[in-house]
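Residue numbers (my numbering), protein chains in the order written: chain S, 455 to 580; chain G, 845 to 1257.
Treat the hints as calculated values from the structure; they're not laboratory data.
A few of these clues could be false.
What the hints assert, rightly or not - Label-pair ranges, simulated between beta-carbon atoms:
id, chain 1, residue 1, chain 2, residue 2, range
1, G, Phe907, S, Glu459, 21 to 27 Å
2, G, Ala964, S, Pro498, 50 to 56 Å
3, S, Glu459, G, Arg877, 40 to 46 Å
4, G, Arg1092, S, Glu487, 24 to 30 Å
5, G, Arg877, S, Asp483, 33 to 39 Å
6, G, Glu1187, S, Pro498, 49 to 55 Å
7, S, Pro556, G, Asp1109, 32 to 38 Å
8, G, Asp1224, S, Ala479, 27 to 33 Å
9, G, Ser908, S, Arg541, 32 to 38 Å
10, S, Val462, G, Pro1068, 52 to 58 Å
The structure displayed is predicted, hence computed values, not measured ones.
Ideal placement from N, C-alpha and C gives every residue a C-beta, glycine not left out.
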Amino acid sequence: MPEDECTVQRVGGSVVVTMPAEIDAMNSDGIREVLLSASGPGVPDLIVDMSRTTFCDSTGVHAVIAAHREGAVTGTRLRLVAVAVRRIFALVGADLVMPIYPTLEAALADTPSATAGPGAPGDKRD
Amino acid sequence: MAGRHEVTAHLSPAAVAERLRDIQSITDAALSRLDEDDLLAELLERTRNVLQADTAAALLLDFSSGELIATAAAGLEEEVRQGVRIPVGRGFAGRIAAEHRPVIIDHVDHTTVVNPILWAKGIRTLMGVPLVAGGRVIGVLHVGSLTPREFTSGDLELLELAADRAATAMHSLMMRDDRIAAAALQRSLLPSSLPATAGATMAARYVPGEGQVGGDWYDVFVLPDGELGIVIGDVTGAGLAAAVIMGRMRSALRAYALETSDPADVLARLDRKMQHFEPGALATVLYAVFSPGLDRVRICSAGHYPPVVAAPGKAAELAGIHSGLLIGASLDVPRKATTLNIEPGMLICFYTDGLIERRGRSIDDGLARLCEAVTAQPPDAACAAVMAAMVGSEAAHDDIALLMIRRSAEGIL
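Please take these sequences and the hints and turn them into a complete structure.
Next up, the structure:
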């Protein structure tokens, strides 16, 4: 996977978007597109995993906030995993509207249907 | 590619020479010496000639309305003079833009072509191709014939060659217009001089990002009761679109500032207005209201970085203010102002993200460097020191706006 791209995967009932190490004006438009297309009807829970992101400027923050706003319309709840870049999200007040977790595991454990979700017997067919 | 071989294989030497002349006519390097408007006009004329068509026209896509606008024409200039607009997806040209591919039609009437000028003038056959720049459709180029005729694959290749040339010219035309308009708008919206205020000195800097004006702005105004309002903000995005939104936010904020003296209330009203009239726009704004004696300030931030405050003889630090969400992000966010006391001689520094963000360096690092560079000195000198420390000789990739205000004091310079 190229360093400046995101990956999208389904984990239980959530969609997890893993964000690149560095986000700025060079790649934030693409990230915004990925986030917007990953959310929408049928995706109740979107986890934006920035745990390996070490640099994110305001264009990256705005991309995440735009996805959050879109999700509020289409019914996707957006949650964030951030460590190194947590402060910039707090500085711009993003923590007021979306939960921020220190690890992806913590975010997954806090999924509303987590107890009945991944790993439930009979869940996997192949 | 098989079709291409077939075409040339059956051409006589004279026809090959003629085709070469046609190609040269369109790719002629001398065209580059014309400015974009003349190049487009000349290119359309040559395209019409080499294809022996009766009309040639270029339509540009207006991204805000999603319509194609007739921009240049040879043979049927009415299109341009009457400001023909074709919605993307509809009719002949609209289909080319929507489907991103060439279209040839030999049945021209109201069922196939939206533009009534074309069928009213008796155009029988039309061939059009998309104008593509930077991977995006930016318009459509088409030629028309008053007599029924069959356009060959060779004709199509020539038209595509012309389209390639025209797209480059039109793209730079659009970029140039956008840049000039955005820069003019930006200039007209930033205060040409800061109001003289008893008890305070101020200074400001604005540096546009590399070749592209963005949506950064600052504003300073005196309110009717003698309070002083300072605004700094940054609209997400760049170019004319961001500058236009910035202008609207600036006017709206000024209007709300006259209605209520609570900065949190002003930003809440601005947010409601923006979400209703400019859905999709995102911006950070910080609004500060200084008391007439400048001994107190009430600050509310909508997603904007906190100001840096420097008291005389002390290290500068980030002001401890409540953070609030960006304008345009969500309506259900409470907004809260923070009141700070201002000592005599204290300096307050407002800035936009372009000042502190550098690729590969953390925001914390940028904020720490800014705090080191800010000292309680006359604002003009403080601005110069901060720009030297934070920017130096680097070209700014993003806009930078910087505004400083200092409370004067007896015996303190």
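### Task
Could you see if the CB distance from S/Glu459 to G/Arg877 stays within 40 to 46 Å?
holds, 42 Å
#### Entry: Range hint compliance [Cβ, G/Asp1224 to S/Ala479, 27 to 33 Å]
For G/Asp1224 and S/Ala479 the Cβ distance comes to about 30 Å; the hint holds.
#### Entry: Range hint 52 to 58 Å (beta carbons of S/Val462 and G/Pro1068) holds or violated
Cβ of S/Val462 to Cβ of G/Pro1068: about 53 Å, so the range 52 to 58 Å holds.
### Task
Using the Cβ atoms, figure out if G/Ala964 sits within 50 to 56 Å of S/Pro498.
holds, 54 Å
#### Entry: G/Glu1187 versus S/Pro498 beta-carbon gap, inside 49 to 55 Å or not
holds, 51 Å
### Message
Does the beta carbon distance between G/Arg1092 and S/Glu487 stay inside 24 to 30 Å, or does it fall outside?
### Response
holds, 26 Å
### Query
Okay, G/Arg877 versus S/Asp483 on CB: inside 33 to 39 Å?
holds, 35 Å
### Query
Given a hinted range of 32 to 38 Å, is it respected by the beta-carbon distance of G/Ser908 and S/Arg541?
Hint holds: Cβ distance 36 Å, inside 32 to 38 Å.
### Query
Quick one: are G/Phe907 and S/Glu459 within 21 to 27 Å, going by C-beta?
At roughly 26 Å between Cβ atoms, S/Glu459 and G/Phe907 fall inside 21 to 27 Å, so the hint holds.
### Task
Confirm or reject the claim that S/Pro556 and G/Asp1109 have a C-beta distance inside 32 to 38 Å.
Check passed, 35 Å falls within 32 to 38 Å.
Violated hints for the displayed structure: none, as all numbered hints are satisfied.
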